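Visitor: Respectively, the protein sequence lines represent chains A and B.
The number in our numbering is simply the position in the first sequence, starting from 1, with 172 added.
The number in our numbering is simply the position in the second sequence, starting from 1, with 23 added.
If you are wondering where the hints come from, they were derived from the structure by calculation, not from laboratory data.
Be aware that a few hints might be false.
As the list claims (entries may be wrong) - Keeping only pairs whose Cα atoms sit at most 20 Å apart, straight-line, the calculated EDC-like set for lysine to aspartate or glutamate is:
id: 1; chain 1: A; residue 1: 416; chain 2: B; residue 2: 263
id: 2; chain 1: A; residue 1: 311; chain 2: B; residue 2: 266
id: 3; chain 1: A; residue 1: 311; chain 2: A; residue 2: 326
id: 4; chain 1: A; residue 1: 311; chain 2: B; residue 2: 75
id: 5; chain 1: A; residue 1: 358; chain 2: A; residue 2: 429
id: 6; chain 1: A; residue 1: 311; chain 2: B; residue 2: 80
id: 7; chain 1: A; residue 1: 311; chain 2: B; residue 2: 263
id: 8; chain 1: A; residue 1: 311; chain 2: B; residue 2: 93
Unchecked claim - Here are a few chain A residues that sit away from chain B, every Cβ distance over 10 Å (derived from the structure):
id: 9; residue: 185
id: 10; residue: 230
id: 11; residue: 236
id: 12; residue: 241
id: 13; residue: 273
id: 14; residue: 298
id: 15; residue: 319
id: 16; residue: 325
id: 17; residue: 366
id: 18; residue: 379
Keep in mind it's a predicted model, so treat the numbers as computed, not measured.
Cβ coordinates follow ideal geometry from the N, Cα and C atoms, glycine included.
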Amino acid sequence: MTGELTSHLNQNALKRQAQRERLSLLGLTSPAIIIIMIAMVLPVGWLFYLSFLSDEGVISLTNYQRMLDSKAYTRIFLTTFKVAFLTTGLCALIGYPLAYFLSQLPERIANICLLTVLLPFWTSLLVRTYAWLVLLQRKGLVNEWGIGLGLWDEPLPLVHNLNGTLIGMVHIMLPFLILPLYGSMKSIDTNYLKAAANLGATPTQAFWRVFMPLSFPGLFAGALIVFILSLGFFVTPAILGGGKVIMVAMQITRNIELFFNWGASSALGVVLLLITLGILYISSRFVSLDNILGGHR
Amino acid sequence: MLNWFKKPASETQITHGARLWLYLLAGIIMLLLVLPTVIVIPMSFSESQYLEFPPREWSLRWYEFYFGSEAWMSATRTSLLAGFLTMLVATPIGTMAAYGLATSTHALVRFVFLLMITPIMIPVILIAIGAFYVYVQLGIVNTMLGLVVAHTILALPLVLIVVSAALKSFDMSQERAARSLGASRLQAFFLVTLPQIRFSVITAALLAFLTSFDEVIVAMFVSGGDNATLTRNMFNALRDQIDPTIASISTIMILVSTSLLLLTQFLGRKKNK
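With the sequences and hints as input, model every part of the structure.
Guide: Given below as C-alpha cells:
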C-alpha cells in the first residue's frame, strides 16, 4: 500500500518536473518573443487601431469605406494582383525546367550549378534592380545589342513600365521558386520512374504522368512564396515601374510620405496583411508550411 | 563524345542526346540569373556617365567619388555597424529559441514557431510603417537602436530556420549522454551540441548580417540623418536618376555577398566531411 503511494507520489513529482522542464526550455524563446512583440506585434497592432480611426479621431470604418468607394484603390489592388500573378506564372515557367535539370545532375555538378541560383539569392535586391535599370534603359545594353543585331529598329520601351517591373521581379523571385522545387524534386523516389518505364511508358510519358504530378507539392510551395512576396513588393516596381505600376505597398508609402495620412495607409496595410494571411491559411490546408520554410538557403 | 549522346541520362533511359534541348535551356536560364548582376562590375569601371559595356575608356572615377564622399562613407559605416549589431543580437537569441523549440515538447511550441517566422511572411512595408509610428512616439526614429531592433526581427526567422534545420539532424542522445555523465544542461549544450552545429550557426550569423546590410524598406522609414543607411541613400539616388556611383557601390556589395556565400559553401562542405 505504502509502496504504491510512494510510486504514485514519485510519478507525480516526475510529471511535474517534466512539465517544468518543458516550460523552462520554451522559456529560452522568450528574448526572441519579447523583441518580436515590441517590434512587430505592437506596431502592427497599432496600425490596426489607426485604421479604424476617422480624421476626427473617432472609431469608425471611414478609412475602409473610402477605400471601397475609390476607383483608384480598386485599380491599385488589381495591379498588385496582376503583377503578382504574372510574376508567379513566369517564375514557374522558367524555374521548372531549371529545377528539373538540376535535380537530374550528379550531386557534385548540381552543387556547382546551384551557385547560379544562390548567387542572385544572396545579392542585394536593390543592386539587382539597379542592374536591370541600367540594362533595360533606352540606351541600355539590351536595346543597343538588339538594334545592333537587327532584331528591332527603334529602342523598345523595356523599363519604366510593366515590362521592366516584371523582368526585374521574375529575376528576383526565381530563386524562391527554384530552391523549394529543387528540394522536393530531389526527394522523389526514382523507383516510380523505373516502374513506369518497366510498364512500358516512354520517357516523355513517365515525365508527364509520374514525375510531374509528384513534383506538384514543391511547385505549389515555391509558387506560394513567390506570390506572397510579390503582393507586398515595393522596391523593384518603384524603380523599374517608373510610376506607371502602382502596387499596394507603394501607395502605403505615398500616403505617408506625401500626405502623412496614417488612417488610409493603415487601412491599406491591414487589407494587404489580411489577404496575405488568408492565402497562407488556405494554402496551409493543402501543403505543410514547414515544407515551404524548411531547407532553403 | 558521340557515345555520351546515346548514353541513358535517367531511370527512364532517355538519352543525353534527346535531352540536349533541356541542357541548352537550363544553360540560358542560368546565364540570365547571373549575368545581369555580374555585368555591373565591368560597367562600374567605365569613364562614361552612361555606363557603357564594354567600357570604351576605363577609369576609377566612380570609385574615387564614392570613397571621397563623406555622405556615402558615413552611410556605409552605418550599414556595416547595423549589420554587425543585428548579427550580434539575432544570432544568440535565434539560436536559443531554436534550441528551446527543438527540445521542448510543450503544447505551445508550434504556435511560438509560427509567431517567430511571421516577420518574413507578412509584407515588410507593414513592419516598416508600424515601427516608424511607434518609434516616433518613443523618440527613437533615426537612431541605431531603432534600426537594429527592427532589423533583428527580420533576421530572427532566418536564424531560426537555419539553426532548427541543423538541430533536426543532430542526435540529441549525445547531449543526454553528456548529462548522464555529469554535465549540466548548459555545459552539455556548449561542449557537445554547439561545436557540432557551429557551421550552421555561423551561416545563420552571416545571413543575419546580410539581411540588415541589404534591407531597404525598413531603413527608408526608421533610418535617416546621420544614421541613414547605404541602401536608403542608394534607393533615393535611384529614384531621381541613374547615378553611376551606384554601379561602384553595387560592385562592392556584390563582392561582399559573393564572398559570404562562398564562405558558407566552404563551411557546408567541411560540415559534410
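Visitor: Does each hint hold? Answer for all of them.
Guide: Quick rundown of the hints versus the structure:
Of the pairs offered as hints, the one joining residue 416/A and residue 263/B holds, with about 15 Å between alpha carbons and a cut-off of 20 Å not exceeded. A distance of roughly 15 Å separates the Cα atoms of residue 311/A and residue 266/B; the hinted pair therefore holds under the 20 Å criterion. Between residue 311/A and residue 326/A, the direct Cα distance comes to roughly 11 Å. Compliance with the 20 Å bound is thereby established for this hinted pair. Simply put, residue 311/A and residue 75/B have alpha-carbon atoms about 9 Å apart, close enough for the 20 Å limit, and the pair holds.
Restraint check for residue 358/A and residue 429/A: not satisfied, since their Cα atoms lie roughly 47 Å apart, outside the 20 Å limit. A C-alpha spacing of about 18 Å is found between residue 311/A and residue 80/B, which places the hinted pair at or below 20 Å, so the restraint holds. A C-alpha spacing of about 17 Å is found between residue 311/A and residue 263/B, which places the hinted pair at or below 20 Å, so the restraint holds. Our distance criterion of 20 Å between C-alpha atoms is broken by residue 311/A and residue 93/B, whose separation comes to about 31 Å.
Annotated as non-interface, residue 185/A keeps its C-beta farther than 10 Å from every C-beta of chain B; the closest such distance is 18 Å. The beta carbon of residue 230/A sits about 19 Å from the closest Cβ of chain B, which is more than 10 Å, so the claim that it is off the interface holds. Every Cβ of chain B is farther than 10 Å from the Cβ of residue 236/A; the closest lies at roughly 16 Å, confirming the non-interface assignment. At roughly 23 Å, the least C-beta separation between residue 241/A and chain B is larger than 10 Å, which holds for a residue marked as non-interface.
The non-interface label for residue 273/A is inconsistent with chain B: the shortest C-beta to C-beta separation is roughly 4 Å, within 10 Å. Residue 298/A, annotated as away from the interface, has a beta carbon of chain B within 10 Å; the closest lies near 5 Å. Distance to chain B confirms residue 319/A as a non-interface residue, since its nearest Cβ pair spans about 15 Å, more than 10 Å. Consistency note on residue 325/A: stated as away from chain B, and its beta-carbon is indeed over 10 Å from all of that chain's, at 21 Å minimum.
For residue 366/A, the shortest C-beta to C-beta distance to chain B comes to about 5 Å, within the 10 Å cut-off, and the non-interface label is violated. Look at residue 379/A: its CB is around 7 Å from the nearest CB on chain B, not clear of 10 Å, so calling it non-interface is violated.
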